[in-house]
Amino acid sequence: MYRREWMGLLARAPADALDRLWRKLDLAPGYRWLRPPEVGGVMVRGRMGGTGAAFNLGEMTVTRCALALDGGAVGHGYVQGRDKRQAEQAAMVDALMQGDLAARVRAVLLEPLAVQVQAARDARAAKAAATRVEFFTLVRGDD
Amino acid sequence: MYVAVKGGERAIENAHAWLAEERRGDPSVPELSLAQIREQMALAVNRVMAEGSLYDPDLAALAIKQARGDLIEAIFLIRAYRTTLPRLGASVPVETANMRCDRRISATFKDAPGGQVLGPTFDYTHRLLDFKLAAEGEVPAAAKAAAPQSGPVPHITDFLNRDGLIQAEERHDATPPDLTREPLEFPANRALRLQSLTRGDEGFVLGMAYSTQRGYARNHAFVGELRIGRVPVEMEIPELGFSIEIGEVELTECETVNQFAGSKTEPAQFTRGYGLVFGQTERKAISMALVDRALRWRELGEDNLGAPAQDEEFVLSHADNIQATGFLEHIKLPHYVDFQSELELVRRLRAEAEAAAQEAAE
Numbered sequence: 000m001y002r003r004e005w006m007g008l009l010a011r012a013p014a015d016a017l018d019r020l021w022r023k024l025d026l027a028p029g030y031r032w033l034r035p036p037e038v039g040g041v042m043v044r045g046r047m048g049g050t051g052a053a054f055n056l057g058e059m060t061v062t063r064c065a066l067a068l069d070g071g072a073v074g075h076g077y078v079q080g081r082d083k084r085q086a087e088q089a090a091m092v093d094a095l096m097q098g099d100l101a102a103r104v105r106a107v108l109l110e111p112l113a114v115q116v117q118a119a120r121d122a123r124a125a126k127a128a129a130t131r132v133e134f135f136t137l138v139r140g141d142d
Numbered sequence: 000m001y002v003a004v005k006g007g008e009r010a011i012e013n014a015h016a017w018l019a020e021e022r023r024g025d026p027s028v029p030e031l032s033l034a035q036i037r038e039q040m041a042l043a044v045n046r047v048m049a050e051g052s053l054y055d056p057d058l059a060a061l062a063i064k065q066a067r068g069d070l071i072e073a074i075f076l077i078r079a080y081r082t083t084l085p086r087l088g089a090s091v092p093v094e095t096a097n098m099r100c101d102r103r104i105s106a107t108f109k110d111a112p113g114g115q116v117l118g119p120t121f122d123y124t125h126r127l128l129d130f131k132l133a134a135e136g137e138v139p140a141a142a143k144a145a146a147p148q149s150g151p152v153p154h155i156t157d158f159l160n161r162d163g164l165i166q167a168e169e170r171h172d173a174t175p176p177d178l179t180r181e182p183l184e185f186p187a188n189r190a191l192r193l194q195s196l197t198r199g200d201e202g203f204v205l206g207m208a209y210s211t212q213r214g215y216a217r218n219h220a221f222v223g224e225l226r227i228g229r230v231p232v233e234m235e236i237p238e239l240g241f242s243i244e245i246g247e248v249e250l251t252e253c254e255t256v257n258q259f260a261g262s263k264t265e266p267a268q269f270t271r272g273y274g275l276v277f278g279q280t281e282r283k284a285i286s287m288a289l290v291d292r293a294l295r296w297r298e299l300g301e302d303n304l305g306a307p308a309q310d311e312e313f314v315l316s317h318a319d320n321i322q323a324t325g326f327l328e329h330i331k332l333p334h335y336v337d338f339q340s341e342l343e344l345v346r347r348l349r350a351e352a353e354a355a356a357q358e359a360a361e
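Protein chains in written order, with numbering that gives the first Met the number 0: chain S, 0 to 142; chain A, 0 to 361.
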């Protein structure tokens, strides 16, 4: 998993799922804030016709923060919504993934979280697939 | 003109306390939680997010609760909150081609590659009240297919585009104008029109769209494709030097395929209208596409038929229900001085008329 991927996963994951796994990880590293959690808006853009020039669709809430572990690793958290604790945990995970504990964080937190998020997606996709229309043509009689 | 007056503080306080009590309703009935509103009034939540122009289901649920279910009041609350948020940046334009579709239908191609996927739709329901919902009960589980809906589904218009049968959309990433930063001025370009329509009042945009179907600047729209689903939102993070996903939003996208244009030099080609709206908001997205198409008459070299849906100043100036509500409702504020002067004028006119009548009679 690349940094881009885990940051995206942490941004999209349900806050309670992340919190549960964070507790399971049972780590409390010392850190200082580089940027304490801040709630803001990001303007979401679309494209005309789905493929053309950009236009502004509307904003979404995002919470971001940055911290430095006592060892020096810097972690950034960008998460959807207004949950400051989720942003903090995301930044913590991001920082820890750059150090010696990376393997443990990956195994205990990131991989199970990815599985959960994927399972939720698959469940929705399976329901969608069940509503796919199978057309059949009525054959007109010859006589 | 309205005039500031003092007094009435106690009456206002008491009115607000009563409002809070009425909002709660009969205390013997359990109170609604925000999660209940978010999960069970999801389409109301979607409308508040779309027209409030802020994607945050929990906040929209709170606004609906606070507004006692008055969606325009809820939208007002969201718009007011939105102005307090620092702007962290703008996303990379979302790629709706990568949408994980819950629903995806085409009215133009039966055998559209990727299939026709109905999703959780009201279509084909009988619109008969379901009294089972009045009683508490278990909901039957939705069916699941063995193989999930797989991968991204191509846009229908891609197929037409490949053969040059539909007008191409030129892809570029120039920063679009933002009507939340600069006041809307006319003529507006298409980016501003689309931003204005996507946050516009659903009823108003629907009415405008309907007028084009009834013949006021008719443009013969087919729903080439309607899709509802989730797309990831990416943003460039300057401190990282690369872009990351910062979340995902549910969107409804409608692409219409409209009457063709052609000339002596250019072969005939279909044209497009486009709707893209936060949440599952199908009626709004279709309406937006029809109105977008009607407003494009100038760039497509069509005649201005004088239809309301072709008049961008009319459409865009009246589509915003918060602006409209603000101006409409301000007339209930004290206009005592204005009215006093009008009252005096009417009295004087009447007195003069009476005097003139008297004179004529004498």
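These are calculated hints, taken from the structure and not from any lab test. Please note: incorrect hints may appear among the correct ones.
[What the hints assert, rightly or not] Once the Cα atoms are required to be at most 20 Å apart in a straight line, the calculated SDA-like pairs of lysine to any residue come out as:
hint: 1; chain 1: A; residue 1: Lys109; chain 2: A; residue 2: Phe269
hint: 2; chain 1: A; residue 1: Lys109; chain 2: S; residue 2: Phe134
hint: 3; chain 1: A; residue 1: Lys143; chain 2: S; residue 2: Ala125
hint: 4; chain 1: A; residue 1: Lys64; chain 2: A; residue 2: Pro85
All values derive from a computational prediction rather than experimental measurement.
Quick rundown of the hints versus the structure:
no.: 1; hint: Lys109(A) to Phe269(A); result: holds (18 Å)
no.: 2; hint: Lys109(A) to Phe134(S); result: holds (8 Å)
no.: 3; hint: Lys143(A) to Ala125(S); result: holds (5 Å)
no.: 4; hint: Lys64(A) to Pro85(A); result: violated (25 Å)
In terms of the numbered hints stated before, the structure departs from hint 4 and from no other.
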